Amino acid sequence: MATEAIAAPATATGGPERRRGRGVRGDENVAGWLFVAPVIVILGLFLLLPILMALWVSLTDWNGQGSPFTSKVPFVGTDNYTRLFTEDGLARRDFMTSIRNNGYYVAIVVPAQTALALGLALVVNNRMLRGKAFFRSAFYFPSVTSSVAISVVFLFLFANSGAVNALLRLFGVDGPQWFADSRGVLHLLLGAVGVDSAPAALAGGGPFGLSWWEWLSGPSVAMMSIITLVVWTTSGTFMLMFLAALQSVPVALDEASTLDGASRWQRFRYVTLPMIKPTMFLVLTLGLIGSWQVFDQVYVMSQGDPAKTTLTPAYLSYRTAFRDFDYGSGAAISFVLFLIIIVLTLVQRRVMADRDTDRPRRARWWRRRVPEGSPS
Amino acid sequence: MTALTDRPPVAAAPAHHDRRGARTLATRILGYATLVFFGLVFLYPFVIQLGNSFKTEPDAAANPLSPIPDPLTVAGFERIFTGTNFPLWLGNSLLVTVLVTLGRVFFDSLAGYALARLRFRGRSGLFAAVIAVMAVPGVVLLIPKFLVLNQLGIYNSYAGLVVPLLADAAGVFIMKQFFESIPVSMEEAARIDGAGVFRTYWSVVLPMARPALITLTILSFQGSWNEFPHSLVSVQDPDLFTLPRGLADLVSGSLGKGTQYPLKLGAALLATIPVAVLFVIFQRYFVRGANEGAEKG
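As you go down the protein sequences, you meet chains A and B in turn.
Everything in the first sequence is counted per this note's numbering, starting at 18 for the first residue and increasing by one.
Everything in the second sequence is counted per this note's numbering, starting at 2 for the first residue and increasing by one.
Because the hints were derived from the structure by calculation, they are not lab data.
None of these values were measured; they are calculated from a predicted model.
Don't take every hint at face value.
[To be verified] In silico SDA-like links for lysine to any residue, alpha-carbon gap of 25 Å or less:
| id | chain 1 | residue 1 | chain 2 | residue 2 |
| --- | --- | --- | --- | --- |
| 1 | A | K294 | A | R144 |
| 2 | A | K149 | B | L41 |
| 3 | A | K149 | B | Y33 |
| 4 | A | K89 | B | Q152 |
| 5 | A | K149 | B | A27 |
| 6 | A | K325 | A | D213 |
| 7 | A | K325 | A | T103 |
| 8 | A | K325 | A | L139 |
| 9 | A | K89 | B | Y156 |
| 10 | A | K149 | B | T28 |
| 11 | A | K149 | A | E272 |
| 12 | A | K149 | B | L26 |
| 13 | A | K149 | B | V281 |
| 14 | A | K325 | A | L356 |
| 15 | A | K149 | A | W282 |
| 16 | A | K89 | A | D78 |
| 17 | A | K325 | A | K89 |
| 18 | A | K149 | B | Q152 |
| 19 | A | K149 | B | Q284 |
From just these sequences and the hints, can you work out the full model?
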C-alpha cells in the first residue's frame with residue numbers, strides 16, 4: 018500500500034508534466050469504478066437484488082402466475098415463517114423433518130470427512146513413503162468432478178443389484194435396498210436390542226410437531242448412502258488443507274520430540290495437533306457451512322424419498338416453490354436456511370480473525386514455494 | 002508454508018538399532034497398505050463406472066463389481082448419441098462454459114486489479130461487500146435467481162443461463178490478493194511512460210498475472226462445467242439443458258423402461274472427461290485453488 022503514495026502515475030492524456038495534478042486522482046477514480054462496474058452490475062443484479070425480491074415474496078402467497086410485484090398478489094406478512102415453527106400442519110412437519118434429516122447428516126458428515134481428510138493427509142505426508150503424489154491426486158480427484166455425474170455413479174453402486182451389495186455379499190451380508198429403505202439407523206440399532214417401536218415415553222410430545230421417537234430416528238438407510246457419497250467427495254479437498262498445514266510444521270520439532278522419547282501418538286497429540294489447530298477449525302467450520310447446503314445429491318439420487326427421510330431444507334425449499342408452486346413458503350424456508358448458514362459463517366470469521374491478529378498473516382499460496390525440504 | 006511438494010526421504014541415521022529398523026519397515030508396509038486401500042476406495046468407483054458403461058444391462062446387473070465387460074458392447078454409447086439429447090447438452094455446456102470462463106477471467110481480474118491498486122472513493126467498502134457476498138450460500142439463491150430472471154424476461158434463455166454467472170466474488174478476491182503480491186515498479190514505469198490505466202493493466206499487469214489467471218480459468222471452467230443448481234432454476238426448455246441438467250433428467254426417468262445403467266454411467270463418464278483431462282494437466286492449479294479456498298475462509 019505504501020507504494021501507492023509514490024505512484025501518482027501519469028496518464029496517456031495527461032503526460033508527465035501533469036503527474037501530480039488532481040487529474041490523475043480523478044482519472045483513477047473514474048477508472049476504478051469503470052473496472053469494478055461489470056462485477057457490481059452482475060453481482061448486484063443477480064445476487065443482491067434477487068435476495069431482496071425473495072424476501073418480499075416470502076411475505077406473500079405468490080403462486081408463480083404473473084409478476085409477484087403487483088397488488089394482486091396477496092400479502093400475508095410473516096405467515097409463511099410462523100407456519101414453519103408454530104402452526105401444526107404439513108408445512109411444519111416437512112420442515113422439521115428436513116431439519117432433523119440434515120442435522121443427522123451434518124452430525125455424521127462433518128466428523129467423518131474431517132477424520133478421513135486428516136488421516137489421508139498424515140499418510141500422504143509421511144516422509145518414508147514414495148508415490149505419494151499419485152495417491153494425493155487420487156484422493157483429491159473426486160472433489161473436482163461433477164456432483165451430478167458422481168451421483169449417477171453412486172446410484173449404480175448403491176443399487177439393489179449394485180456394487181456395494183455385491184461387495185457385502187462377499188462377506189455374507191445381505192445388503193439393504195438402499196434407496197427404498199426409510200428406516201432410521203438409530204431405530205435399527207434400538208431394534209437390535211429389542212426396542213422395535215416407540216416406548217410410551219417417546220411416542221408423543223416432542224417439540225415442533227414431531228414425536229420424540231421421530232426426532233430420535235437417526236439418518237435413514239437411504240440417507241447413509243448420500244452421506245457416504247459426500248464424505249467420499251469432500252475429503253480430498255480438506256485433505257489438501259491439512260496437508261498444507263502439516264507441511265508447515267517444522268521437521269525439527271518432530272525430530273526433537275522423537276529424541277525426547279515421545280511416542281508416535283504423543284507426537285501427534287502434543288506436537289502436530291496443536292500446530293494444525295487453526296486448519297482443524299477451518300475444516301470443521303467449512304464442513305458445517307457446506308453440509309447445511311446439500312442439494313444436488315438429494316435432487317439426483319432420492320428427491321427427498323423414501324418417506325421424506327432424505328428431505329433437506331435446501332431441497333424442500335426448491336420443491337415447495339417449483340413443484341408445489343408455493344413460492345412464498347419456499348422462499349421462507351430459504352431464508353431460515355440462510356440464517357443458519359450465516360450464523361455459522363460469522364462464528365467462523367470471528368474466530369479466524371482473532372487468530373489472525375494473534376499470529377502473523379499466513380503466506381499466500383503464490384509465495385509458499387519454499388525450496389524443497391526446508392522447514393518454513 | 003511450503004508448496005505441496007514431497008520432501009526428500011530423510012537419510013537413515015547411522016546409529017539405527019535393529020528394532021527401530023524393523024519398526025520402520027513395519028510402518029512403511031502399513032503406510033503403503035493404507036495408501037493402496039484408500040487409493041482403491043477413491044478410484045475403484047471410476048473403474049466400475051468405466052467397465053460397466055461398456056457392459057450389457059444384464060451383465061451390469063449380475064456383475065456390478067467386475068471392471069471387465071463380458072460381452073463388451075458400445076450399445077450404451079450408441080444410444081447416448083442416438084437416443085438422447087446428449088449432443089445438444091454437450092454443445093450447450095461448451096457454450097456456457099466458454100462464455101462464463103471468459104467473462105469471469107476478464108471481469109474478475111479487472112475488478113481485482115482496481116481493488117488492489119487503483120485509488121478510488123468507496124474502494125474499501127466495495128471490498129468488504131465482495132467478502133460479504135462470498136459468504137452467501139448458493140443454494141439459498143435458487144428461488145431468488147428464478148425471480149429476477151423471470152422479472153427481467155430472460156428466464157428460459159441462453160442469457161439467463163450465462164449472464165448471472167459471468168462474475169463471481171471468489172474470483173475477484175483471488176485476483177485482488179494476487180495483484181497485491183506483485184511489485185508495482187513495472188506498472189509505475191509504464192504509467193510514467195504515459196500509458197493509461199487500462200493500457201497499463203492490459204499490457205503490463207495481466208502478462209505478469211499468468212499463474213493467477215490460469216488458476217482462475219481452471220476454477221471457472223470446472224465450476225461452470227459442473228454447475229447444476231443454476232441451470233435448474235434458469236431454464237426449463239430441454240433444448241437449453243446443459244450436461245449436468247440433462248444427466249439429472251436421464252436419471253429421473255426420462256429414459257423409459259429398465260434401469261439402463263450402462264447408458265447412464267457412460268453419459269456421466271463422458272461428462273466427467275473434460276474436467277478429468279484438465280485435472281491431469283493442470284493439477285497444481287487445482288491444488289492452489291483448493292488452498293485459496295482455505296485462505297478466504
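Now the hints, each set against the structure:
no.	hint	in the structure
1	K294/A x R144/A	21 Å, holds
2	K149/A x L41/B	14 Å, holds
3	K149/A x Y33/B	9 Å, holds
4	K89/A x Q152/B	16 Å, holds
5	K149/A x A27/B	18 Å, holds
6	K325/A x D213/A	21 Å, holds
7	K325/A x T103/A	21 Å, holds
8	K325/A x L139/A	38 Å, violated
9	K89/A x Y156/B	22 Å, holds
10	K149/A x T28/B	15 Å, holds
11	K149/A x E272/A	21 Å, holds
12	K149/A x L26/B	17 Å, holds
13	K149/A x V281/B	15 Å, holds
14	K325/A x L356/A	23 Å, holds
15	K149/A x W282/A	22 Å, holds
16	K89/A x D78/A	10 Å, holds
17	K325/A x K89/A	34 Å, violated
18	K149/A x Q152/B	52 Å, violated
19	K149/A x Q284/B	14 Å, holds
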